[in-house]
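Start from the sequences, fold in the hints, and give me the full structure.
Quick mapping for you: the protein sequence lines, in order, are chains X and D. For reference, each letter of the first sequence is one residue, going 50 to 536 in my numbering. For reference, each letter of the second sequence is one residue, going 45 to 289 in my numbering.
In case anyone wonders, no lab produced these hints; they're calculated from the structure. Any given hint could be a false lead.
Among the chain D residues that face chain X by a calculated CB cut under 8 Å, a handful are [stated by the list, open to error]:
| id | residue |
| --- | --- |
| 1 | Asp-48 |
| 2 | Leu-52 |
| 3 | Lys-53 |
| 4 | Arg-70 |
| 5 | Gln-72 |
| 6 | Phe-73 |
| 7 | Asn-186 |
| 8 | Ala-200 |
| 9 | Asn-217 |
| 10 | Met-218 |
| 11 | Phe-248 |
| 12 | Lys-253 |
| 13 | Cys-271 |
| 14 | Pro-272 |
Simulated crosslink set (DSS-like; lysine-lysine; CA at most 30 Å straight-line) [said to hold, decoys possible]:
| id | chain 1 | residue 1 | chain 2 | residue 2 |
| --- | --- | --- | --- | --- |
| 15 | X | Lys-339 | D | Lys-233 |
| 16 | D | Lys-227 | X | Lys-441 |
| 17 | D | Lys-96 | X | Lys-339 |
| 18 | X | Lys-360 | D | Lys-53 |
| 19 | X | Lys-223 | D | Lys-125 |
| 20 | X | Lys-431 | D | Lys-53 |
| 21 | X | Lys-380 | X | Lys-107 |
| 22 | D | Lys-58 | X | Lys-335 |
Beta carbons: idealized from backbone N, C-alpha and C, even for Gly.
The chain contents come next:
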Amino acid sequence: MNWIITENNKKINALDIPTVSIDEIKSDVEKMKMRVIGFFGKQEFENVRLYVVMADDKIGKIYVTSSIFPPSVKSYESFTQTIPAFHIFEREFYEEFGIKPLNHPWLKPVRINQDKYPFFEMKGEDIHEVAVGPIHAGVIEPGHFRFMCQGEKVYDLEIMLGYQHRGAEEIFLKNPKYNNRLAESVCGDSVIGYNMAYSQLMELLSDTTISNKAQIIRRIALEMERIAIHIGDMGAIAGDMAYLMGASIFGITRTLVINTMLEISGSRFGRGLINVGGVNFDIDEKMSDKITAMLDDVAKTVDRTTKIMLKTPSCISRMERTGVVSMETAKALGAVGMAARSSGVDIDTRFDFNDKWYTSLDVVKPFKATGDVHSRFKLRYKEIKQSMQIVKKLLAKLKDYKEEPIKTTPNGVISPNSFAISMTEGWRGEIVHIAITGANSELLRYKMKDPSFNNWYMLAMAVRNNGVSDFPLCNKSFNLSYCGNDL
Amino acid sequence: MLTDTIKLKYFQGKQYIPDIQNAPMRQQFRGFPILKSGCQIDESICPAGALKANPLSIDLGKCTLCGECACEAINFSNYYKLSSTDREHLIVTENMTPDEFEKAAIKSRKEIRRVFSKSLKLRQVSAAGCNGCEMELNACSNCNFDMGRFGIDFVASPRHADGLVITGPISENMAYALEDCYKSTPNPKIVILAGACAISGGVFQTSSKLNREFLEKYPIDLYIPGCPIHPLTFINGVLDFITKK
Numbered sequence: 050m051n052w053i054i055t056e057n058n059k060k061i062n063a064l065d066i067p068t069v070s071i072d073e074i075k076s077d078v079e080k081m082k083m084r085v086i087g088f089f090g091k092q093e094f095e096n097v098r099l100y101v102v103m104a105d106d107k108i109g110k111i112y113v114t115s116s117i118f119p120p121s122v123k124s125y126e127s128f129t130q131t132i133p134a135f136h137i138f139e140r141e142f143y144e145e146f147g148i149k150p151l152n153h154p155w156l157k158p159v160r161i162n163q164d165k166y167p168f169f170e171m172k173g174e175d176i177h178e179v180a181v182g183p184i185h186a187g188v189i190e191p192g193h194f195r196f197m198c199q200g201e202k203v204y205d206l207e208i209m210l211g212y213q214h215r216g217a218e219e220i221f222l223k224n225p226k227y228n229n230r231l232a233e234s235v236c237g238d239s240v241i242g243y244n245m246a247y248s249q250l251m252e253l254l255s256d257t258t259i260s261n262k263a264q265i266i267r268r269i270a271l272e273m274e275r276i277a278i279h280i281g282d283m284g285a286i287a288g289d290m291a292y293l294m295g296a297s298i299f300g301i302t303r304t305l306v307i308n309t310m311l312e313i314s315g316s317r318f319g320r321g322l323i324n325v326g327g328v329n330f331d332i333d334e335k336m337s338d339k340i341t342a343m344l345d346d347v348a349k350t351v352d353r354t355t356k357i358m359l360k361t362p363s364c365i366s367r368m369e370r371t372g373v374v375s376m377e378t379a380k381a382l383g384a385v386g387m388a389a390r391s392s393g394v395d396i397d398t399r400f401d402f403n404d405k406w407y408t409s410l411d412v413v414k415p416f417k418a419t420g421d422v423h424s425r426f427k428l429r430y431k432e433i434k435q436s437m438q439i440v441k442k443l444l445a446k447l448k449d450y451k452e453e454p455i456k457t458t459p460n461g462v463i464s465p466n467s468f469a470i471s472m473t474e475g476w477r478g479e480i481v482h483i484a485i486t487g488a489n490s491e492l493l494r495y496k497m498k499d500p501s502f503n504n505w506y507m508l509a510m511a512v513r514n515n516g517v518s519d520f521p522l523c524n525k526s527f528n529l530s531y532c533g534n535d536l
Numbered sequence: 045m046l047t048d049t050i051k052l053k054y055f056q057g058k059q060y061i062p063d064i065q066n067a068p069m070r071q072q073f074r075g076f077p078i079l080k081s082g083c084q085i086d087e088s089i090c091p092a093g094a095l096k097a098n099p100l101s102i103d104l105g106k107c108t109l110c111g112e113c114a115c116e117a118i119n120f121s122n123y124y125k126l127s128s129t130d131r132e133h134l135i136v137t138e139n140m141t142p143d144e145f146e147k148a149a150i151k152s153r154k155e156i157r158r159v160f161s162k163s164l165k166l167r168q169v170s171a172a173g174c175n176g177c178e179m180e181l182n183a184c185s186n187c188n189f190d191m192g193r194f195g196i197d198f199v200a201s202p203r204h205a206d207g208l209v210i211t212g213p214i215s216e217n218m219a220y221a222l223e224d225c226y227k228s229t230p231n232p233k234i235v236i237l238a239g240a241c242a243i244s245g246g247v248f249q250t251s252s253k254l255n256r257e258f259l260e261k262y263p264i265d266l267y268i269p270g271c272p273i274h275p276l277t278f279i280n281g282v283l284d285f286i287t288k289k
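Here it is as structure tokens:
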């Protein structure tokens, strides 16, 4: 085993990362029984270096190694054959560098060449296909779904994405300055999550230490984002089962949370709040009281509405045993975040990777695992309650650091030959940002991984054997990101 | 159980904003920038290239309203009516007041008023939008803003629509679908660009993966700036556009 061991929010010397043969990595990975969080290439003159990053959630450690492909080598035995979680990572690597994973069972385009996409086809007398998108009926992002059905029953769903591809990773490399505004716009519903991961990474690379106060404010914002989006999604789930009162009430309750965010940061989604070096806006005592009062108010409405919804038979019958993803499937696919937790996979980077602000808080991880829409709905409710507790505790802690500044001027220079990794648990799950710098402190590679990147296939599994009319409900219960996947 | 439901409804009360056109906005909101002279400004601090130092101006079509440039000379007011029918007019210059901006912002058109003032059905196309503007457009139809009361709605098909609302910088991969959607919308139709990304490419301007030819080919009727657009900016912009005399 030739791996370098590191932690979340730590940088290592890029030259220390071992170079081993791809076959050795493959056999190691099969033995390790860990989770893949990074599998990406980087051009090194005419060679391609493949980085493999694995995470051990039990002890909160990250393992990194790499392998070199000279121009003559254009293929390797795919990892997906034995570990399905690699399927999307290998597809991405193939698309970007043309190095083919042999015997990959599902080697299809990820972000480009959609006109050549080889759809899975089912044949038979009663079989029909339903094609949806890229433009959907609602006001949402574009993506193409194709259902293979017999009557009302869905046998398989194929999801083709890539419409949102804007080359976000490249733009980070083009602009040498700190670019928080771009980080916020990569995925506009996880503004805080993305910006936090980006800022932490840049602070690591530039050796900037930010104040405790700024760290707490960032986490308060992160939890508020979680609360707001979860409430909105519960409303969307209610709307998709035609329980319109739920949709309306959750809709206006979310407004209370995001309007408080507006009062803190000047934007409803917290844009402009976080910068490399700290935060731009303070939470003083008056604001702190306001947030607490707002949370109490919101908690009351959410409690009431959820309780009534979960007592209403028409709601329960739509949610229970709809879109089931078993724990085994979720684990095999490498699912992460809230969707994985609702299938019973116990992962949460906030608690697993030793973030001192979360581990010192003494809050229980919410856990409910049947893997259906009902479970995801309830988990969202529990996470809202948990996040409210966290925000309140963090607000109390904020008082201890009253005197501290909210921002420090970051170093302009980033350290050369570094490999840094930063993970943030956004509301969907872990957002992984990895940066590699070269000998002259220039950014050579910026890699982002959205939780949706792992989880899209989970949605395809969820709708199998369900009615085609239950698709919107399944989709909303995950609410995965298109732009986070397409970058 | 029915009583619980009725109680729940009762306790919610009425939460709609009665007068959308004069709705109060929170102080902290960063909206219309008010520019004064007499401050040394570095253009390059603007992540979207909206700021010009000599003479001082901010292009709202590019601006993400992030507040990075705020100083003595640049002040972001909470004024939220930022829409314009003219791309050039989105450039805010020194000493321009919100009233001055608003007066000339939306040019009234008789035919628009005649056809759309009572009912306007829109089809939204997210062309690589980050989901920020999409969420805010969804919020336009919630119980607070309730855009439907003015006859403005989002519909499921371009065949039912009177116009398109485009968000996002328009990626190569969405260019075909967008044009197809435009062609499927029956005449007469309008095109609205919502958000900095749609108007100018925003923070994605330098990306090589965009294809913005659509905007050169077809006429654009209304520009609604913001990053993301605030629901009040959107509703007021559209409302002024279809009703202004």
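Consistency of the hints with the structure:
1. Asp-48: The hint holds - D/Asp-48 has a Cβ within 8 Å of chain X, the shortest such distance being about 5 Å.
2. Leu-52: holds (6 Å)
3. Lys-53: With a minimum Cβ separation of about 7 Å from chain X (threshold 8 Å), the hint on D/Lys-53 holds.
4. Arg-70: holds (6 Å)
5. Gln-72: OK, holds: D/Gln-72 within 8 Å of chain X, min 5 Å.
6. Phe-73: It holds, given that the least Cβ distance between D/Phe-73 and chain X is near 6 Å, below 8 Å.
7. Asn-186: Check passed: Cβ of D/Asn-186 comes within 4 Å of chain X, closer than 8 Å.
8. Ala-200: D/Ala-200 check passes; min Cβ-Cβ to chain X is 4 Å, inside 8 Å.
9. Asn-217: OK, holds: D/Asn-217 within 8 Å of chain X, min 5 Å.
10. Met-218: Constraint on D/Met-218 satisfied, holds at 5 Å.
11. Phe-248: Nearest chain X Cβ about 5 Å off; hint holds.
12. Lys-253: It holds, given that the least Cβ distance between D/Lys-253 and chain X is near 4 Å, below 8 Å.
13. Cys-271: holds (7 Å)
14. Pro-272: At about 6 Å, which falls below the 8 Å cut-off, the nearest Cβ of chain X leaves the hint on D/Pro-272 intact, so it holds.
15. X/Lys-339 with D/Lys-233: violated (45 Å)
16. D/Lys-227 with X/Lys-441: Not satisfied, since the Cα-Cα distance of roughly 52 Å exceeds 30 Å.
17. D/Lys-96 with X/Lys-339: Judged against 30 Å, a Cα distance of about 38 Å means the pair is violated.
18. X/Lys-360 with D/Lys-53: holds (16 Å)
19. X/Lys-223 with D/Lys-125: violated (34 Å)
20. X/Lys-431 with D/Lys-53: holds (23 Å)
21. X/Lys-380 with X/Lys-107: Roughly 15 Å between the alpha carbons, so the hint for X/Lys-380 and X/Lys-107 holds.
22. D/Lys-58 with X/Lys-335: holds (27 Å)
Of the hints listed earlier, those the structure fails to meet are numbers 15, 16, 17, 19, in rising order.
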